[in-house]
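Given the structure of chain L, go ahead and fit chains G and F onto it with the hints provided.
If you read the protein sequences in the order shown, they are chains L, G and F.
In short: position in the first sequence from 1, add 8, done, that's the working numbering.
Every letter in the second sequence is one number past the one before it in the working numbering, and letter 167, counting from 1, is 161.
In short: position in the third sequence from 1, add 544, done, that's the working numbering.
Treat the hints loosely; a few may be bogus.
To be verified - Below are the DSSO-like pairs computed for lysine-lysine, each with C-alpha atoms no more than 27 Å apart in a straight line:
hint	chain 1	residue 1	chain 2	residue 2
1	G	Lys123	G	Lys180
2	L	Lys117	F	Lys725
3	L	Lys173	F	Lys777
4	L	Lys117	L	Lys173
5	G	Lys180	G	Lys144
6	F	Lys716	L	Lys150
7	L	Lys150	L	Lys178
8	L	Lys117	F	Lys649
9	G	Lys78	G	Lys239
10	G	Lys392	L	Lys23
11	L	Lys207	G	Lys38
12	L	Lys117	F	Lys777
13	L	Lys170	F	Lys716
14	L	Lys178	F	Lys725
15	F	Lys752	F	Lys725
16	G	Lys38	G	Lys180
17	L	Lys173	F	Lys752
18	L	Lys187	G	Lys144
19	L	Lys178	L	Lys207
20	L	Lys17	G	Lys387
21	L	Lys207	L	Lys170
22	F	Lys752	L	Lys170
23	L	Lys81	G	Lys144
In case anyone wonders, no lab produced these hints; they're calculated from the structure.
These figures come from a predicted structure and were not determined experimentally.
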Amino acid sequence: MNLVGLAWKNLWRRKRRTSITATSIGFGVFIAVTFSGMGDYSYTNMINTSAKMGLGHISIQAPGYMQSPSLDKQIHHVNDIQQRLATLNGVEDSYVRIQGQAMFASAHKSVGGAFLAIDVNSERAEHNLFIRSLVEGEIFIKRWRGANETLSGIVIGQGMAKKLKLRLGKKLVYTTTDKHGDIVNGMARVSGIFATGVKDIDNSVTLLPIQTLRETIGYSADEASVVAVMIKDQRYTDKLLKLVQLRVSELGRNETEVLSWRETQSEVAGMIRLDRSSNQVSQILIGVLIAAGVLNTLLMSVLERTREFGVMMALGMAPLSLFALVVVESVWLALMGLSVGVLVTVPWYLYMNRVGIDLSGSIGDDYSAGGVLIDPVLRIYLYPETILMILFTVLMLTLLSGLYPAWRAGRNPPIDSLKAM
Amino acid sequence: MNPFLLASRNLYRNWQRSLVTTLAMGLAGIIMILFSSLMDGMLKASERNATIMNAGELQLHLPFYLDDPDLYALIQGENQLLEKLTGAGVSASPRLYAYALAAAGSSSAGVQLRGILPVLEAQVTDIHKHLAQGKWLNDAAPYGVVLGRKLARTLNLRVGDEVVLTGQASDGAMANELYQVQGILKAVADDIDRGGFFMLAAAFREFTVVSEGVHEIAMKRSNPSVSLDRIQQEVQNVAGSYEVKDWRALMPVMARLLDMADSQTFFMLAITYMAVGSVILNAMLMSVFERIHEFGIMKALGLGPWQIAQLIFAEALLQAIVASLFALSLGGWLALRLQERGIDFSDTATNTSFAGIAMDPVWRASVSVHSLAYPIGFLIAMTLLAVIYPAIKAALIKPVDAIQHF
Amino acid sequence: MLSVLRKQFSAILVFFLIVQGLLMVRMSIASDVREPENRASIMLRHIDDLWRGESSHSLFSMNIRTARYSRTLRLEGWSLGTDLTLVRILAPKKEQGVSSLKSGKHLYTYLPRVDRTIRLTSSMMMGSWMGSHFTNDDLVQESRREEDYNIAISYEGERDQQAIIEFTLMPKPNAVVVWGKVVLVILADSLLPLSEIFYDEDLVQTRKIVFSDFKKLGGEIRPATLRVIPSDKPNEFTEITYQLLDFGVPLEDNFFSLGQLKRR
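Chain L on its own, in the form it takes in the complex:
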């Protein structure tokens, strides 16, 4: 006997029940997508934001730079490194940067802070938080000196501008130590002002053109403190880390340390791990709930068909076949449920992925500055394997929920069941 066909027919005999069950399975997909999507989106967002603060997803540094960053620890042949990484599949971009601490002085005051020296021609706003949060002026000022383009200027945070009483075009003297540890200083005019909304950053971080800074601190055009590697998909960090290590070590003449964001931003990594675990607890609870709903309908349908099963058994159907019949029914149900789920979830996913829910209204409108760091819009995003994982889990849950009712159906003694009505 064709169990598959019989199960299919059985389901269509009870259209309403089937549709109710399929809907609730579909709803399970919907909820799972929403929950996992919130996780996937916000972790990716956090990881990428922290990568944009300067060190990238993967960063190549001098050994020991991570523990105590100072300008006497530099890496060499950065252009070679960059070139070798450019051809690496999965690497989106890499940036050469010099990071260090300095004193920044105006005629009125001086404050301590940090600088991030960048090659503005290669930097892209989407990979640099500070460029993105520029509120006044421009990143640097380009001038042509003969055939060579030179960049001048300094971009400072809003907080620092206020403290030092600086405006666009005003000058600032920075003092730092050069590669030998000697005190050196340079002058730059404020070309831009950024506001990230985070007080500590706006008070102390500045951007300098890398070439100008190299001259000041005695670095050659091939030296820097960090090569920050941005990768296309943060999930492949570990895999790419090994590849980057390999490529850098092939150069042979370089003492470097290759670190992932998990090491350079260990606090973010810890927070994500913690949040992911608590998200899993919520998902387990929701899974139990959905399973209970499916179990409920399947069990009801079995209980209600006691007589039917009795008749079938009396006609010579083996208990195992009855068990199999109900299992196949739940497989069909699961597949229908998944289809319903996909139908319902796709528009929701597209909406949530592209538009999202703006939570800023519930939080207060003072968002203009913090907007760069904190996205007030709740969005979801799913990785392909998460989607497969959800579909698989819902399928398994439905099948598992079908097992007990199937066992009940197979165990029915025919006489009792015939009396049941």
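Then chains G and F, alone, in the frame of chain L:
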């Protein structure tokens, strides 16, 4: 005939079906109770976590101190003020701050001195629980100090090592003193990690020659169920011209981040309720439609549509009540267990702080009247709503159709 | 981030400033004259060279007045070349014996109270001088004024019954200076400085240095007292007065040792 009597007979007769339906509803109730109390716990924890590491719930300063922290911006007469603050319903911890230079071996670093009274500080923050090595400050070791994680690494210091501190006293003189490292903190927040130099208030006063007054009073509500706004108002009344700020004003970006997380939590809670609704709707639709045949017979036997509807509502209500009792007892018990023990994630999370926010690796539920009452209310309301459509269908069905409906 | 570095602790920093040897006694040796000079440049060079010498020994006091306290330190200092400086506090008693040695990039301070010598790196120094009445310009000013400024004589004649010359120094476009303008007043006959006023780029006055107490120091007439006054806090100042200043003292490199640092 009393619809409830008939309903209970019906339920009893179909006991297997009733049991399955009621169990499904009960389970939905349990999940809602667990979810609400876990989410409540998370909301409470996020506020607690933001304040428990360092900030406290409220802080009192001289106006403008926060913009320009100055050794001389002292809150005078702190002892009377502390007494008054206790009267206003807060635990209060006075703090002193100064900047100095710490040196050990051939390394040196700028540090922020933080003078505290350990007994009072422990009533406001849990920083004493965040030691990676050694012991927290205590009066038995007057020259013992506790350092931030990165600072200890910069100065290459371990527990038991000595560290020289030099800085400027309030009289302008150059102060210097030797201290012993007694403890090293775990990651707390960047500024504490890099420059936190905790010492006893007495040692701080001796070093800086600040004999009276404090820079900051950090506070925590003695009774966490009183609203922070109200307490802040009362503290402000006592504090007079001093500036009283709550943690939201002190850490606006963090507060917004947490608000975002809270909105997400509400969003998740709403979705969970929707899921519960679908389960109940499902169960109710099934329990009526599967028995439409039976209702047809009843109608044929002379029951009016109103009576049928009454019967169906009575059945639903009875099941909802049993399910609620079941959910309350089992769900309530589980939630209470989760409140006591929590779910421990400490294996997965090594770092327990992020930007000054403590991240408690134990997720505890918070059981309250509303974390129990809302799910139960929702359960009953949802049941009654879910049954409207099938009840109307059953009440209006023609007996002939119903009997054919098998 | 870095909030600690941002703060000041001015007692040590003023001390380190002195150690840097850049306040008054600029130890570099006068460089050769290269370009054809105008009269203003020659006069300014004379002022720059007032405190330059191969080696020096000095006794001086430092008077700091702020809104919170006022105190006086007495100090003794030795220098050799540009790299070696030793300064010791003589009074007040509480700080007596605290001494500091600058040897090249390294800076050591001996603290007699705890009997420890601490070592500071130059990067640490960077964080520590701010907030005082001096600026980092004072510290790192190694170049001569004419390299950084366009100099013009803006007034010449009688002012407050003294014959004076007033220079206006406008920073060159790429000069590493924070000021927008500096006005220097000197006595016309002796070419000794009277005052130096610093402005920001909006030409708002930010601080003033007043020279006084002209007497014979190190064989020549020099202003023995220098007072720095921040313009936004006119009641505060830091004042240095030389009691003794000798140039060309016989000193050996090994005088500037860690052992010497601890000697009381």
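Status of the hints after comparison with the structure:
1. Proximity of G:Lys123 to G:Lys180 is assessed by CA-CA distance (about 9 Å); at most 27 Å being required, the pair is judged to hold.
2. For a cut-off of 27 Å, the pair hint linking L:Lys117 to F:Lys725 stands: about 16 Å separates their Cα positions.
3. Taking the CA atoms of L:Lys173 and F:Lys777, the gap is about 17 Å. The hint holds against a cut of 27 Å.
4. Distance restraint check for L:Lys117 and L:Lys173: the Cα-Cα separation of roughly 8 Å lies within the 27 Å cut-off, and the hinted pair is therefore satisfied.
5. Using a Cα cut-off of 27 Å, the hinted pair G:Lys180 and G:Lys144 holds, with the two alpha carbons roughly 9 Å apart.
6. Using a Cα cut-off of 27 Å, the hinted pair F:Lys716 and L:Lys150 holds, with the two alpha carbons roughly 20 Å apart.
7. Pair hint L:Lys150 plus L:Lys178 holds up; C-alpha atoms about 17 Å apart against a cutoff of 27 Å.
8. A threshold of 27 Å between alpha carbons decides the hint, and for L:Lys117 with F:Lys649 the separation of about 25 Å falls inside it, so the pair holds.
9. Between G:Lys78 and G:Lys239 the alpha-carbon distance is near 17 Å, which keeps this suggested pair within the 27 Å criterion.
10. Our distance criterion of 27 Å between C-alpha atoms is met by G:Lys392 and L:Lys23, whose separation comes to about 20 Å.
11. With a C-alpha separation of about 26 Å, the suggested pair L:Lys207 and G:Lys38 falls inside the 27 Å cut-off, and the hint holds.
12. Proximity of L:Lys117 to F:Lys777 is assessed by CA-CA distance (about 13 Å); at most 27 Å being required, the pair is judged to hold.
13. Between the alpha carbons of L:Lys170 and F:Lys716 the distance comes to roughly 25 Å, so the proposed pair stays at or under 27 Å and holds.
14. For the suggested pair L:Lys178 and F:Lys725, the alpha carbons sit about 13 Å apart, so the restraint of at most 27 Å is met.
15. The straight-line distance between the Cα atoms of F:Lys752 and F:Lys725 is roughly 12 Å, inside the 27 Å bound, and the hint therefore holds.
16. Between G:Lys38 and G:Lys180 the CA atoms are separated by roughly 23 Å; this keeps the pair inside 27 Å, and the hint holds.
17. A C-alpha spacing of about 19 Å is found between L:Lys173 and F:Lys752, which places the hinted pair at or below 27 Å, so the restraint holds.
18. A C-alpha spacing of about 23 Å is found between L:Lys187 and G:Lys144, which places the hinted pair at or below 27 Å, so the restraint holds.
19. Restraint check: the Cα-Cα separation between L:Lys178 and L:Lys207 comes to about 22 Å, which is no more than 27 Å; the hinted pair holds.
20. Only pairs whose Cα atoms come within 27 Å are accepted, and L:Lys17 paired with G:Lys387 is accepted, the gap being roughly 25 Å.
21. For the proposed pair L:Lys207 and L:Lys170, the alpha carbon gap of about 12 Å is at most 27 Å, so the pair holds.
22. Distance hint between F:Lys752 and L:Lys170 is fulfilled; the C-alpha atoms sit about 23 Å from each other, no more than 27 Å.
23. The hinted pair formed by L:Lys81 and G:Lys144 meets the criterion: a straight-line CA distance of about 18 Å does not exceed 27 Å.
Going through the hint list in order, the structure satisfies each hint without exception.
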